[in-house]
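Novice: Given next are the chains, with one letter for each unit.
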Amino acid sequence: MSARQPIDQFAASLPGDRRSSVLGSCQAATSKRLTALADDFAHADDLRRLAARIKQHTLDHLDTYLEAATARLEEQGVKVHFASEAEEARSLIHQILAERGAKRIVKAKSMVTEEIHLNDYLIDRGLECLETDLGEFIIQIDGDIPSHIIRPITHKNRREIAQSFEREGLGAYNDDPEVITRRARVHLRDRYMKSQAGITGANFVCADSGRIVLVTNEGNSRFSMAPNPLHIAVVGIEKIIPRDRDLGVFLNLLARSATGQRLTVYTEFLRGPKAPGQPSGPEEMHVVFLDNGRSRILGSDCREILRCIRCGACQNVCPVYRQASGHAYRSTYGGPIGAVLTPLLAGDDFAAFADLPKASSLCGACREVCPVDIPIPDMLLKLRHQAHDAGIRSPGAPPMAPFAELATRPVIWRGAMTLSRAANLVPTQLLPVPALQSWLKLRTLPHWRGGEFRQWMATRKKP
Amino acid sequence: MDGHPEEAMNRNDLFQKLRASAPASPEPYPDYDDAMLLSRTGHPTDLEASFRQQFTSINGYAFDSPGPLISLLRATANTRGYCDPALFPILGQPLADAGLEVSTLYHRSRYDDYQFGITRASGAIAETGTLILTDEQTSDRLAALSPWVHVAVLDPATIAPSIPEAIKRFGSSVNIIWVTGPSRTADVEGILIEGVHGPGVQVAYLSPVLSWTAPASPSF
Amino acid sequence: MSLAAAPTKPVSHRVLLMATCLCDAFFPEAAQATVQVLESAGCEVLFPQDQTCCGQPAFNSGDFSASRRVARHTETVFAGELPVIVPSGSCAAMHMHGNAIQFEREPDAARFDDLGRRTWELCDFLVHGLGLTSWPGSFPHRIALHHSCHTRGSGTRSAMQTLLESIDGLTLVPFAQEDQCCGFGGTFSVSFPHVSGSMGTLKLDHALKETPEFMTSADLSCLMHLSGLADRQNRPFKILHVAQILLASLPR
Ligand code: SF4
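Heads up: the protein sequence lines correspond to chains A, B and C, in order.
Take the first sequence: its position 399, counted from the start at 1, is 881 in the working numbering, and no numbers get skipped.
Take the second sequence: its position 159, counted from the start at 1, is 211 in the working numbering, and no numbers get skipped.
Take the third sequence: its position 71, counted from the start at 1, is 80 in the working numbering, and no numbers get skipped.
What the hints contain is simulated information worked out from the structure, not anything from laboratory work.
Honestly, I wouldn't trust all of these hints.
Computed cross-link-like contacts, DSSO-like style, restricted to lysine-lysine with a CA-CA straight-line distance of at most 30 Å [what the hints assert, rightly or not]:
{"#": "1", "chain 1": "C", "residue 1": "Lys-18", "chain 2": "A", "residue 2": "Lys-514"}
{"#": "2", "chain 1": "C", "residue 1": "Lys-18", "chain 2": "A", "residue 2": "Lys-944"}
{"#": "3", "chain 1": "C", "residue 1": "Lys-247", "chain 2": "C", "residue 2": "Lys-218"}
{"#": "4", "chain 1": "A", "residue 1": "Lys-923", "chain 2": "C", "residue 2": "Lys-218"}
{"#": "5", "chain 1": "A", "residue 1": "Lys-561", "chain 2": "B", "residue 2": "Lys-220"}
{"#": "6", "chain 1": "C", "residue 1": "Lys-247", "chain 2": "A", "residue 2": "Lys-923"}
{"#": "7", "chain 1": "A", "residue 1": "Lys-676", "chain 2": "A", "residue 2": "Lys-561"}
{"#": "8", "chain 1": "A", "residue 1": "Lys-514", "chain 2": "A", "residue 2": "Lys-585"}
{"#": "9", "chain 1": "B", "residue 1": "Lys-69", "chain 2": "A", "residue 2": "Lys-585"}
{"#": "10", "chain 1": "A", "residue 1": "Lys-561", "chain 2": "A", "residue 2": "Lys-585"}
This one's a predicted model, so the numbers in the text were calculated from it and none came from an experiment.
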């Protein structure tokens, strides 16, 4: 076959050691998640469904909740901004920094700032913008992009990382993970202390209290908000939840789904700038609520995807992600969540990503692990339909109109079933059907026995 | 709002779009009982014992007298550090008496000199072995973050049984942080390493609040 | 909406058999076994002659207008009140779930809700419909049970487990990564040959390591994919549809 699916091609070209490391880490994360949930909760699925309903409820009333959250934040002295798309968000953030003369920025891991490519934008404008999450730091020094929501460098091995550290002057080659981590610790803490602003995302925003919730394992978000006076949180509008109380649902699910921990090491709840007597921490706090296509998705038939809490469990369990790795998806979000979210976020560029929803056997493993029970396979199907309706051709897929023609004419169908037995007489490699030839490259086909059952059914003597 | 006119427009625009996309039959807020959020360890009978057990299981050290802490600090060669002045009488003094260098001032410029930091915890969660710090009661965020060893002085009476209960006790603090074990990463080949940016050793020092007295004078 | 609970399904000893296009074309023994298994459980099995396919191939490729045409035909063929029994978790899921997606905004959606409600996968029907708690007879073999993906969250999984475990001499052989997909996925297998083939090979590696005599499943599509792969790779691998095991186990 000439045309091939880009994700399949990417998977086929993946070096063996990389594939096995992605596969291995995904398997390990999947089983940790399962144990963490099953050990602790007799009815973990009820918890997932509850989380789904709370999130769906919030999305269905997002105007009300976003308004409430904004009001609380403003009461508490937080400056709240709204950006309708990426460029607006970037220039808004740049402006806030420029007005305060902040040039040295430390950043905690945030998918939404990846989504709007904030780093490059600020660096191009002469600012120093440093990723502090260990994985994201390595991504940054390598000029790479993250390949997993939770484990951004799951595609790299320790030797590659040690080489990068050596190249960046962080010490002579040493690929011991402990040494790598200590070197990053020393290098980064100096930069935290000299920083003038910290940028983070947010995992949740509670509408009733205006509480911003941030989780990290490394403590980097805390460190990004201790030595400098300015904090900017960039937040997708779908991060709102109704009440503080609901955090009990989401915090229990997030860490277990992501890493198999019961709670992430640092779970931070902010309602504004630091307390008056506190010597360290931001005196000024900004929240930038980002739309960037989310309100459009909310009006579509894939609105449930906005329930996502970015845990990465669907990536870990996905057999296609395991074979292809995150970079195959050509976007910030890989795996099942990316296969849905990327084409949706792309808006007018939908066609460029219309192949992503095809990259699934529709096995449904993603939905089974998703802490907010997103029916991902249903959305993949809806997006395939959208692509088909838009006339976007999909390489490798046979056309379906002839099949529908045959399958709605029972007499012809029965005839074809029997007549096709003739195909058994022809060597299958000679049949001029591309889909069949693609099948036969890897597999044999059983003998054609069309009509035999019908004959048996019609002629047998009932017991 | 900062008063940028285009931002006001964005805001109105966005809310209009959100209202327009509200579904015909919205999902109601689900009725649920906090009991379903409790994990296997969410019903502790002895709060202090459960906290200790969970805290230890995530590689934390729980002490209730200076001796073992002094031994740990010596054994790991973390002999210079900071102590919240309010905690100096109960813990700083015994450490100083044992020959450790204890300062009640945290100088940012010397952040690397503090090998341990003693600050106050505002509470804890027995279910998960979590320490709760608040801006109002932490003498310096950095002192609880930059040293290799963080010692949180915890009044056992402030331990909450579970996550939902700890949420109920949020109160009015502007900044609460839950710390569940030492800072960690598994970014490099999935291998767990403790002590990335924050402390590599997390200590809970359990001490009833009644023994706390007025700040003492700094030393170093 | 997807957050609601499943409606209750009808039970009767008069049933309609939907044999599936795969059995029609390749696996007559599995369809025959389905008939005989149902009859041994006291059912009268009716086979509507005009049945063709559930429409899933077109549905999965996103061509909803083609798949709706097929589904409408199928709905007419299986009209009425009787339960529709399918020896495939995948085709059953098309009725129980897939149609709801593609008919969401169609005027005749209710007819497909009804068809979905009446459709049962074979083992699910035996256990959760007819109330069987065990299966008679013996089948002294080591069996690897592949849970096909379309049976996730359905009654089929526990039903298969219940039936197979109760058969004398039958040993279910556990293997690694049981929950992973076999890589078939319909047109996915031809448009993503590398990924699909790797998934299948991985499944074979895990299952064959435990040296089962047969692999069984509620879905022949998975088994056909796996045995086709094994064949190309010259690895001995034998498959049986679950109905064939149930039939073979019956005392003669
Ligand atoms: S879609 Fe679900 S499983 Fe995937 S990242 Fe989002 S919340 Fe996690």
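Novice: Holds or violated: C/Lys-18 with A/Lys-944, Cα cutoff 30 Å?
Specialist: Holds, at about 27 Å.
Novice: Does A/Lys-676 pair with A/Lys-561 here, judged by a C-alpha cut-off of 30 Å?
Specialist: holds, 24 Å
Novice: Under the criterion that the straight-line Cα-Cα distance not exceed 30 Å, is the pair A/Lys-561, A/Lys-585 satisfied?
Specialist: holds, 20 Å
Novice: B/Lys-69 and A/Lys-585 were given as a pair; does the straight-line alpha-carbon distance stay at or below 30 Å?
Specialist: violated, 35 Å
Novice: Next pair to validate is A/Lys-923 with C/Lys-218; report whether the Cα-Cα distance is within 30 Å.
Specialist: At roughly 24 Å apart (the allowed maximum being 30 Å), C/Lys-218 and A/Lys-923 satisfy the hint.
Novice: Against the 30 Å threshold, does the CA-CA distance of A/Lys-514 and A/Lys-585 hold or violate the hint?
Specialist: violated, 41 Å
Novice: Given the hinted pair C/Lys-18 and A/Lys-514, is their alpha-carbon gap at most 30 Å?
Specialist: violated, 36 Å
Novice: Starting from A/Lys-561, check that the Cα of B/Lys-220 is at most 30 Å away, please.
Specialist: Holds, at about 26 Å.
Novice: Checking one constraint from the list: CA of C/Lys-247 to CA of C/Lys-218, max 30 Å. Satisfied?
Specialist: holds, 14 Å
Novice: Within 30 Å, alpha carbon to alpha carbon, are C/Lys-247 and A/Lys-923?
Specialist: The given pair, whose Cα atoms are some 20 Å apart, holds under the 30 Å limit.
Checked against the numbered hints listed earlier, the structure breaks hints 1, 8 and 9; every other hint is satisfied.
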